[in-house]
Amino acid sequence: MDTQEKSLYSSLLIVVIVVGIILLYFIITIIRYQRRSLVLHKEKIRAEIDTLENERKRIASDLHDELGPLLSAVKLQINNLNSQDSEDKVLIEKSSRHIDTIIKRLREISNNLMPNTLVRKGLIKAIEEFVQSNTDTYKLSVKLIIDAEFDLDLNKEINIYRIVQEIVHNTVKHAEASMLAIRISRENNLFVLTTTDNGMGFDFFARTKEQSGLGLRNLQSRAEIMGGEISCMSEKGKGTSYILEIPVSN
Numbered sequence: 001m002d003t004q005e006k007s008l009y010s011s012l013l014i015v016v017i018v019v020g021i022i023l024l025y026f027i028i029t030i031i032r033y034q035r036r037s038l039v040l041h042k043e044k045i046r047a048e049i050d051t052l053e054n055e056r057k058r059i060a061s062d063l064h065d066e067l068g069p070l071l072s073a074v075k076l077q078i079n080n081l082n083s084q085d086s087e088d089k090v091l092i093e094k095s096s097r098h099i100d101t102i103i104k105r106l107r108e109i110s111n112n113l114m115p116n117t118l119v120r121k122g123l124i125k126a127i128e129e130f131v132q133s134n135t136d137t138y139k140l141s142v143k144l145i146i147d148a149e150f151d152l153d154l155n156k157e158i159n160i161y162r163i164v165q166e167i168v169h170n171t172v173k174h175a176e177a178s179m180l181a182i183r184i185s186r187e188n189n190l191f192v193l194t195t196t197d198n199g200m201g202f203d204f205f206a207r208t209k210e211q212s213g214l215g216l217r218n219l220q221s222r223a224e225i226m227g228g229e230i231s232c233m234s235e236k237g238k239g240t241s242y243i244l245e246i247p248v249s250n
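Numbering-wise (full-length UniProt numbering), the sequence shown opens with residue 1 and increments by one.
Hints were generated in silico from the structure; no laboratory data involved.
Heads up, a few of these hints could be off.
[As the list claims (entries may be wrong)] Computed cross-link-like contacts, DSS-like style, restricted to lysine-lysine with a CA-CA straight-line distance of at most 27 Å:
1. 104 to 139
2. 75 to 94
3. 89 to 139
4. 173 to 57
5. 125 to 236
6. 104 to 121
7. 94 to 125
8. 75 to 143
[Claimed, not checked] Have a look at the derived ranges for each label pair, beta carbon to beta carbon:
9. 22 to 47: 33 to 39 Å
10. 238 to 27: 40 to 46 Å
11. 224 to 95: 46 to 52 Å
Note that CB positions come from ideal geometry on N, CA and C, so glycine has one too.
Using the sequences plus the hints, can you model the full thing?
Right, dumping it as C-alpha cells:
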C-alpha cells in the first residue's frame with residue numbers, strides 16, 4: 001500500500017469514526033429524550049389520578065360527615081311532629097322512609113368514592129365487600145378467588161381496587177354476562193389479577209379509540225403508573241378476560 005492509498009484509507013477511517021460518533025450521539029439523545037418523555041408522562045398521569053382520588057376522598061367525607069348527619073337531624077325533626085291528622089301521619093311516615101332511602105344511598109355513594117374498608121382493612125376485604133354488594137344489587141354472579149396475600153402500599157391498593165371496580169362496572173353495563181370470576185395470585189415477584197366473564201365480548205382496541213373507551217384507557221393508565229401491565233382478551237360471543245400484572249417485592 002503506497003502513501004496515497006494509506007492517506008485515503010486513513011481519511012475514510014476518520015470519516016467513518018466521526019459519522020459513527022455522530023450517529024451514536026443522536027441515538028443516545030433519542031433514547032434519553034424517550035426516557036424523559038416516559039417519566040414525564042407517568043408523572044402527569046400519576047398527578048391526574050392523585051388529584052382525582054383526593055377529590056373523591058373530599059366528596060366522600062362531605063357526604064358522610066355533613067349531609068348524612070343533616071338528613072338524620074331532619075328525619076328526627078319530622079318524626080317529632082305531633083299531628084292527629086291521619087293524612088299527616090301517613091305523609092310523615094312516607095317522608096321518613098324517603099329520608100332513610102336517601103341516607104342509605106348517600107352511604108353507598110360515599111363508600112364507592114372512598115371505601116372505608118379499603119383504608120381500615122386493606123385491599124382483599126374491600127374487594128370482598130364490593131363483590132358482595134354487587135352480587136346483591138345486580139344480576140351478576142361474582143366468584144372471588146384469593147390464592148395469595150400481599151402487603152401493598154395504599155396507593156397501589158387504591159389503584160387495584162379502582163381497576164376491579166371498572167371491570168365489574170363494565171361487565172354489568174356492557175357484557176350482558178351472568179358470571180364473573182376474579183382471581184388474585186402470585187407468579188414469582190408479580191401480583192396477578194385475572195378476571196373472566198361469560199359475556200358477549202367486544203373489540204378491545206376499537207373500544208379504546210372511542211369516547212366510550214375512556215374507562216378502558218383508565219385501566220391502562222393505572223396499571224402503567226404502578227409499573228405494571230394490563231392485557232385484555234375478548235372475542236364477540238366468547239366473553240372477556242383481563243390480566244393485570246404488577247411487580248412486587250418479596
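Query raised in the report: Checking against the hints above, which ones are violated?
Result: Those not satisfied are hints 3, 5, 7 and 8.
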